[in-house]
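Protein sequence lines correspond, in order, to chains A and B.
Position 39 of the first sequence, counted from 1, bears residue number 39 in my numbering, the numbering being contiguous throughout.
Position 6 of the second sequence, counted from 1, bears residue number 6 in my numbering, the numbering being contiguous throughout.
Note that these hints are calculated values from the structure, not bench results.
Hints may contain errors.
List of simulated lysine-lysine pairs, BS3-like, C-alpha gap at most 25 Å [to be verified]: (1) B:Lys479 to B:Lys439; (2) B:Lys264 to A:Lys115; (3) A:Lys32 to B:Lys260; (4) B:Lys264 to A:Lys22; (5) B:Lys200 to A:Lys58; (6) B:Lys260 to A:Lys103; (7) B:Lys258 to A:Lys22; (8) B:Lys200 to A:Lys32; (9) A:Lys32 to B:Lys258; (10) B:Lys479 to A:Lys103; (11) A:Lys103 to B:Lys217; (12) B:Lys287 to B:Lys313; (13) A:Lys103 to B:Lys268; (14) A:Lys22 to B:Lys479.
No experiment lies behind these values; they were computed from the predicted model shown.
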Amino acid sequence: MKKILIIEDDLLISSLVQFRLKKDGYETILVKDGNEGIEAINTSNPDLIITDVMMPFKSGIEIINHAKRNFPDTPIIVLSSLGEEEEVVLEAFHLGVTDFVPKPFNPNELALRVKRALK
Amino acid sequence: MSRKLFHIFCFWISGFSAFAQSYDSLFTSEDQLVSELVQHQEINSLKYRFLFADSPKSIDSLAEQGVNFESVGSDYYSEIFSDWSKLDSIQQVFQGSELEFLIYDEPSDFQGVITYLETLNSTGDFVLASAMASSNENIILEAVSSHYQAQEDYKSWLSSDWKFSAVLITIFLFLLGSVGMVLFLLILKSKRNREEELQKVYDELVVDPLTSLLFEKDLAELQAIGSEELKSFFPNAPFQKPLFRQVLINRIIGLNKKMKGDFKDKLKHIYKKLKLTDDTKRLLGSKKWSDVTTGIVQVNEMDLVEFLLDVKKHTNSPNFQVRNQAGATLLNLSENVDLTFLKEQTYPLSEWQQMHYLRIIKYVQSSKALKISLLFQSENQSVREFGVKLVKILGRLDLLEDLRELTKRASPEEIVEVLNTYGALGAHMEIDFINSCLKSDNSEIRDMAISVSANLGNEESEKILIELLSSNPEIPLRKHLLSSLFRLNQQVFEEYITTNYQAENQAIKKELIDPILQHV
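Can you build the whole structure from these sequences, using the hints too?
Okay, here's the thing in structure tokens:
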């Protein structure tokens with residue numbers, strides 16, 4: 001069973017994503033800020049990371065940086081608002097993220113992108 | 001010390017007149033004096049001692065009894081006594097001795113003592129025993145015969161000094177206020193903390209039901225579910241509480257902003273089926289502007305078109321946030337919005353408000369029949385100006401006729417905006433109006449007309465521009481005029497520069513034709 005780490009400070013959004021991915025048979029780990037995210041990357045060695053950009057303590061960019069340095073093969077999907085953080089999202093792409101899902105988003109579309117990233 | 005000197009002075013002064021006043025003397029004999037003195041205990045600086053010119057045997061026996069003596073030549077003096085009331089008893093012990101008076105420790109005779117006592121008597125420092133008794137009796141009699149009446153009413157230290165009292169009361173009130181405020185803040189803080197904790201709890205309570213409803217039910221299934229059945233997905237007791245419903249509303253609205261596709265429809269359906277609209281209606285009727293604004297935002301986000309009439313009531317609210325949100329919601333949701341609400345707005349439209357409305361109008365203009373021309377009929381100048389800007393930004397050439405009508409009664413600011421619109425839309429047919437504005441006394445209108453005539457001007461415009469130049473204007477205006485003339489007709493420009501060969505004109509020309517400087 002593939003393991004997916006979801007780093008998102010909005011509890012409802014992360015729960016929705018978790019619910020949707022569990023339906024597809026994935027194991028999910030849920031964390032709510034940047035610090036917990038980095039710790040979870042180190043300890044749980046996920047197959048895929050879904051992360052927000054603007055979060056408490058450490059930003060999504062720092063998480064992507066950390067993941068790419070230590071686990072360069074792990075695909076990362078950024079789930080964020082394009083309009084508000086355009087420069088940050090561009091930076092994320094430069095760092096080598098696999099995909100970007102802008103908010104507002106459709107959980108079904110996200111599930112498809114996860115499936116494609118894990119192929 | 002000064003008192004002592006005073007007494008000595010008085011004593012010597014009065015000494016000269018003592019004999020002359022002997023008929024008035026207090027005492028006529030030494031016995032009388034002694035009988036008076038023994039009625040007193042101590043008299044200021046008047047003391048006594050005894051002088052022995054007796055056999056040493058008698059002195060020795062007294063010395064054995066503890067009496068001190070001082071030998072002066074062949075005489076013996078006792079120690080000095082000041083208590084006159086003991087004179088008799090001491091005299092009995094010192095039988096055979098001679099009494100000697102001492103004034104300021106100096107021996108004095110009978111007459112000297114009388115004079116000294118008279119002096120003390122005159123200053124009130126010595127009162128005869130008989131007079132003292134009678135005066136004491138008189139005082140007591142006076143006191144008995146007359147009722148006591150206080151000279152002043154009793155006043156406490158607090159009321160006797162009003163300034164001090166005022167300061168004290170102010171400090172007290174300040175302290176009371178401070179303590180009250182701290183208590184109030186503590187209560188408020190604890191209430192807020194409790195509310196935040198509850199919100200976190202409720203947040204977690206709404207996650208699972210909402211998630212399962214969104215993923216396990218499709219829209220048709222949700223429509224088929226009854227209101228009560230839908231409520232049963234949520235914990236019953238908290239659902240009755242306004243705070244829980246507020247958290248649920250916020251979560252639904254938050255999700256609606258972040259999700260796409262049929263999830264939005266599902267969320268709106270859940271919102272209505274759970275009768276959260278009752279909370280929205282209550283907010284719309286609230287007297288607090290923040291509640292009303294929240295209610296309007298809920299209407300806007302959840303597409304609650306059934307509340308548009310309630311929202312419309314707030315479009316002319318004195319509160320900026322309320323009327324701005326109300327206007328935006330009407331523009332967003334109303335099918336037949338015709339901008340009447342904007343026309344009737346009495347408050348000036350701020351730049352920010354205009355930008356907000358413009359963004360919505362740009363988005364909805366293709367799907368809704370917006371009557372922008374209505375805005376020109378508004379009593380509100382800022383609304384009319386906004387209407388003119390809309391014509392320019394939306395490129396509504398069909399409204400140029402309405403703009404022409406507007407210019408007949410427009411304010412200078414509106415005319416500037418109309419000229420700007422003519423320039424942006426390339427309205428050549430309005431050149432007569434532009435030319436008339438070139439002659440305007442209002443510098444803002446004239447400047448805008450000069451700018452617009454650069455693109456839309458005709459021969460008449462060239463003549464007016466040269467006419468304006470001939471009045472030898474200031475350098476900035478001259479440059480503006482020459483720049484317009486240059487862009488309008490280079491040949492006329494060259495002719496003018498050639499015939500008016502001034503250094504300033506040459507410098508302006510140099511800048512206008514320079515590919516780099518012309519943009520500076």
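*So which of the earlier hints does this model not fit?*
Those not satisfied are hints 10 and 14.
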